[in-house]
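J.: Listed below, chain by chain, are the residues.
Number of protein chains: 4
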Amino acid sequence: MTDTYDPTRTAVLLVDPYNDFLSEGGKIWPAVRQVATDVGLLDNLRAVVAAGRRAELRIAFVPHRRWQEGDYEDWDHPNPTQRLVQERHSFARGTWGGEFHQDLQPADGDVIVQEHWAQSGFANTDLDFRLKQHGITHVIVIGLLANTCIESTSRYAMELGYHVTLVRDATAAFMPEMMHAAHELNGPTYAHTITTTTELLRTLENGDH
Amino acid sequence: MTDTYDPTRTAVLLVDPYNDFLSEGGKIWPAVRQVATDVGLLDNLRAVVAAGRRAELRIAFVPHRRWQEGDYEDWDHPNPTQRLVQERHSFARGTWGGEFHQDLQPADGDVIVQEHWAQSGFANTDLDFRLKQHGITHVIVIGLLANTCIESTSRYAMELGYHVTLVRDATAAFMPEMMHAAHELNGPTYAHTITTTTELLRTLENGDH
Amino acid sequence: MTDTYDPTRTAVLLVDPYNDFLSEGGKIWPAVRQVATDVGLLDNLRAVVAAGRRAELRIAFVPHRRWQEGDYEDWDHPNPTQRLVQERHSFARGTWGGEFHQDLQPADGDVIVQEHWAQSGFANTDLDFRLKQHGITHVIVIGLLANTCIESTSRYAMELGYHVTLVRDATAAFMPEMMHAAHELNGPTYAHTITTTTELLRTLENGDH
Amino acid sequence: MTDTYDPTRTAVLLVDPYNDFLSEGGKIWPAVRQVATDVGLLDNLRAVVAAGRRAELRIAFVPHRRWQEGDYEDWDHPNPTQRLVQERHSFARGTWGGEFHQDLQPADGDVIVQEHWAQSGFANTDLDFRLKQHGITHVIVIGLLANTCIESTSRYAMELGYHVTLVRDATAAFMPEMMHAAHELNGPTYAHTITTTTELLRTLENGDH
Numbered sequence: 001m002t003d004t005y006d007p008t009r010t011a012v013l014l015v016d017p018y019n020d021f022l023s024e025g026g027k028i029w030p031a032v033r034q035v036a037t038d039v040g041l042l043d044n045l046r047a048v049v050a051a052g053r054r055a056e057l058r059i060a061f062v063p064h065r066r067w068q069e070g071d072y073e074d075w076d077h078p079n080p081t082q083r084l085v086q087e088r089h090s091f092a093r094g095t096w097g098g099e100f101h102q103d104l105q106p107a108d109g110d111v112i113v114q115e116h117w118a119q120s121g122f123a124n125t126d127l128d129f130r131l132k133q134h135g136i137t138h139v140i141v142i143g144l145l146a147n148t149c150i151e152s153t154s155r156y157a158m159e160l161g162y163h164v165t166l167v168r169d170a171t172a173a174f175m176p177e178m179m180h181a182a183h184e185l186n187g188p189t190y191a192h193t194i195t196t197t198t199e200l201l202r203t204l205e206n207g208d209h
Numbered sequence: 210m211t212d213t214y215d216p217t218r219t220a221v222l223l224v225d226p227y228n229d230f231l232s233e234g235g236k237i238w239p240a241v242r243q244v245a246t247d248v249g250l251l252d253n254l255r256a257v258v259a260a261g262r263r264a265e266l267r268i269a270f271v272p273h274r275r276w277q278e279g280d281y282e283d284w285d286h287p288n289p290t291q292r293l294v295q296e297r298h299s300f301a302r303g304t305w306g307g308e309f310h311q312d313l314q315p316a317d318g319d320v321i322v323q324e325h326w327a328q329s330g331f332a333n334t335d336l337d338f339r340l341k342q343h344g345i346t347h348v349i350v351i352g353l354l355a356n357t358c359i360e361s362t363s364r365y366a367m368e369l370g371y372h373v374t375l376v377r378d379a380t381a382a383f384m385p386e387m388m389h390a391a392h393e394l395n396g397p398t399y400a401h402t403i404t405t406t407t408e409l410l411r412t413l414e415n416g417d418h
Numbered sequence: 419m420t421d422t423y424d425p426t427r428t429a430v431l432l433v434d435p436y437n438d439f440l441s442e443g444g445k446i447w448p449a450v451r452q453v454a455t456d457v458g459l460l461d462n463l464r465a466v467v468a469a470g471r472r473a474e475l476r477i478a479f480v481p482h483r484r485w486q487e488g489d490y491e492d493w494d495h496p497n498p499t500q501r502l503v504q505e506r507h508s509f510a511r512g513t514w515g516g517e518f519h520q521d522l523q524p525a526d527g528d529v530i531v532q533e534h535w536a537q538s539g540f541a542n543t544d545l546d547f548r549l550k551q552h553g554i555t556h557v558i559v560i561g562l563l564a565n566t567c568i569e570s571t572s573r574y575a576m577e578l579g580y581h582v583t584l585v586r587d588a589t590a591a592f593m594p595e596m597m598h599a600a601h602e603l604n605g606p607t608y609a610h611t612i613t614t615t616t617e618l619l620r621t622l623e624n625g626d627h
Numbered sequence: 628m629t630d631t632y633d634p635t636r637t638a639v640l641l642v643d644p645y646n647d648f649l650s651e652g653g654k655i656w657p658a659v660r661q662v663a664t665d666v667g668l669l670d671n672l673r674a675v676v677a678a679g680r681r682a683e684l685r686i687a688f689v690p691h692r693r694w695q696e697g698d699y700e701d702w703d704h705p706n707p708t709q710r711l712v713q714e715r716h717s718f719a720r721g722t723w724g725g726e727f728h729q730d731l732q733p734a735d736g737d738v739i740v741q742e743h744w745a746q747s748g749f750a751n752t753d754l755d756f757r758l759k760q761h762g763i764t765h766v767i768v769i770g771l772l773a774n775t776c777i778e779s780t781s782r783y784a785m786e787l788g789y790h791v792t793l794v795r796d797a798t799a800a801f802m803p804e805m806m807h808a809a810h811e812l813n814g815p816t817y818a819h820t821i822t823t824t825t826e827l828l829r830t831l832e833n834g835d836h
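Chains as they are written, first to last, in my numbering: chain A, 1 to 209; chain B, 210 to 418; chain C, 419 to 627; chain D, 628 to 836.
Chain A on its own, in the form it takes in the complex (with noise of 0.2 angstroms):
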């Protein structure tokens, strides 16, 4: 891990951190709990995002589309994955589950971008428009799901010329070979450095950048 990391070009990108995703009694909480409980996928998302602070990276924050009445239903073909949160209205907007986790709220300075239809927190929004008036050109990206939108995310990232980083343990998915996936066969592939929430935090405090 020698990359480092210089403060003016580099962004966190959060992806994702709801309350449906990251709580007891969010609808998707279930389904991530075993994997997020055992890397400790909160207290790394908290760890990182305050390291990412204090060595003054820009955080910026890529939430999915919170479901409103209406969404997908006269589309031609909406995805698998648009017909389930149809169905569930996950991040149901104006509902607390669709509101950040409160240990993962937004700063002064924050970017807080377009809400993303899929997966890719740059498809369809404003994400590479607002780090380019940032002058980012380094993203670390954590949040949820490792295979869907931290993967679809960071494979943009990559396509449109950002340098990307992995966190292993900053991230969850539905199952442990989800996440080997994400790791072990296709971050290898596409993302610059895949790292761990205790290799990146010596990274950013030893001032290695």
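Because the hints were derived from the structure by calculation, they are not lab data. Don't take each hint at face value.
As the list claims (entries may be wrong) - For each label pair, taking beta carbons as the anchor points, the in silico distance ranges come out as:
hint	chain 1	residue 1	chain 2	residue 2	range
1	D	Glu832	C	Thr616	24 to 34 angstroms
2	C	Arg464	B	Glu282	20 to 30 angstroms
3	D	Ala734	C	Asp494	58 to 68 angstroms
4	A	Tyr72	D	Gln713	36 to 46 angstroms
5	D	Glu832	C	Gln523	52 to 62 angstroms
6	A	Glu184	D	Ala734	17 to 27 angstroms
7	D	Arg673	B	Trp305	33 to 43 angstroms
8	B	Pro289	D	Asp633	21 to 31 angstroms
9	C	Glu617	D	Gln661	30 to 40 angstroms
What the hints assert, rightly or not - Short, incomplete list of chain D residues facing chain B, as computed with Cβ under 10 angstroms:
hint	residue
10	Gln661
11	Glu714
12	Glu742
13	Trp744
14	Lys759
15	His761
By construction, the Cβ of each residue, glycine as well, lies at the ideal position given by its N, Cα and C atoms.
Go by the hints and put chains B, C and D onto chain A.
T.: What follows is chains B, C and D alone, placed relative to chain A:
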């Protein structure tokens, strides 16, 4: 498999059908040989393209950047795969490895899109634009590799609003668990249909469109 | 005007129909009043939207970013228009100026796209994606301003593969020569049809579709 | 003109410097000759590129699609300019007209981007990606035509988050009023700087960067 394919709206995207990937003597053939042989890749690619032509689907060739002198050399952060291409000279322009397999050649009316630098055939190319000029809304994505270019091209297709079909045995990967990840773990989250060559041919040939 | 509009493939893009632009008392109304009055802008916008609804075209609202506290403040290089918005608080969120004109309100089934930060309704938004999910290939672009948001949205539409119709008197600008530039100098180089409200209504109402 | 250009962040985008546009005998030269001669276009293009090289700015060649047999023929709706290209075989591949002017040739380290199908050098090409791999945030856009490819490339650059400089006399158009529209009516709404060759050279050569 009750999906049907309107020939006026459907294209087959044939990704990276290079000798380096598909032919004895190709640079990357040794790494894909086992899976490719197990699934009957070359026969299936020939069969899907032929059936697509009979059903009058649009065929689009979606080629990776053919390596040439200077590529990647002064880039700030090529990704790991690009570094390998730079070392190995994969799909080198002007060489046999960088030519399409002799059984997978363009015909009149096919769309030959610009070369992609990384994994997604849509990123930084004219693929979306060319499909729009042919009224395409549904894509069947075949070729190589299942968990890299096929997956990124398909993830992008979904984000761009296309209906996406994957064909399990008209692709290959370096390891069987990468095929499993592509078709059992990740594909179901973004693709609209995951089928086999046999089923796809039955659909196309039943005139179900 | 032999173009016809298939209602299953055509959308009206209504760009920035804000009180700040269209209503007495709006912040930018004084700057567009002369041209808007001369062409009969508001009547024509009402007429095109109404005719579009009767012809069962999809109506898409394409709104500029509503100014809110903090916007642009820490950007590296907002453009000149963004600096003006920052000073004037144009289309301020939560104010009357940032509401759609009372006669140009969304109805059930309309598409409300994400807000754009600059001139093109396609840039950094979900407009292309939303149109694809409705099978749209042809767009009729109306609203404000002729040489900024209408022109950039239309230039983008063409580059993205859409058939583009401009309507000379369903838009306005700060000066008559900007209208001339939009419709006589630039429009003919990228738009497929440049028409008037009267002609467009005749086409839509003749059932020529 | 107090802007300065950090050579590590700035690129000159040289758009469509083809013989068909710039040289006696070129297919489109008669249509641009008057304006091009009046502004001293060729001398100014040579001067900006030379000054850019001395200041160690990145030079990017941004070429229009070179016409080849079959182009546009089965498209659903080529735009008016594309229909003209189809008739005239503008910038025909393999011909002198489709070659860069002899005084505007690529050098080692220049970026040669994919060909664009319409007006914007960013649309459906790898231009944004290639600029990102060189850390570019500021672009100086020169070449042809002022109100078509230069304007669309520049409007896109702004939407993509770049700082945009136009150079009044390092471009041309079919009519003087098109130059006026580009630099007096439209440019000021999206470009960050509008300058002249003389002023730009002074800035670049003063080491103001």
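J.: Now tell me if each hint is right for this structure.
T.: We went through each hint and held it up to the structure:
no.: 1; hint: D:Glu832 <-> C:Thr616: 24 to 34 angstroms; result: 56 angstroms, violated
no.: 2; hint: C:Arg464 <-> B:Glu282: 20 to 30 angstroms; result: 59 angstroms, violated
no.: 3; hint: D:Ala734 <-> C:Asp494: 58 to 68 angstroms; result: 29 angstroms, violated
no.: 4; hint: A:Tyr72 <-> D:Gln713: 36 to 46 angstroms; result: 40 angstroms, holds
no.: 5; hint: D:Glu832 <-> C:Gln523: 52 to 62 angstroms; result: 56 angstroms, holds
no.: 6; hint: A:Glu184 <-> D:Ala734: 17 to 27 angstroms; result: 43 angstroms, violated
no.: 7; hint: D:Arg673 <-> B:Trp305: 33 to 43 angstroms; result: 41 angstroms, holds
no.: 8; hint: B:Pro289 <-> D:Asp633: 21 to 31 angstroms; result: 29 angstroms, holds
no.: 9; hint: C:Glu617 <-> D:Gln661: 30 to 40 angstroms; result: 34 angstroms, holds
no.: 10; hint: Gln661; result: 33 angstroms, violated
no.: 11; hint: Glu714; result: 18 angstroms, violated
no.: 12; hint: Glu742; result: 8 angstroms, holds
no.: 13; hint: Trp744; result: 6 angstroms, holds
no.: 14; hint: Lys759; result: 8 angstroms, holds
no.: 15; hint: His761; result: 7 angstroms, holds
Hints 1, 2, 3, 6, 10 and 11 from the list above are not met by this structure, while the remaining hints are.
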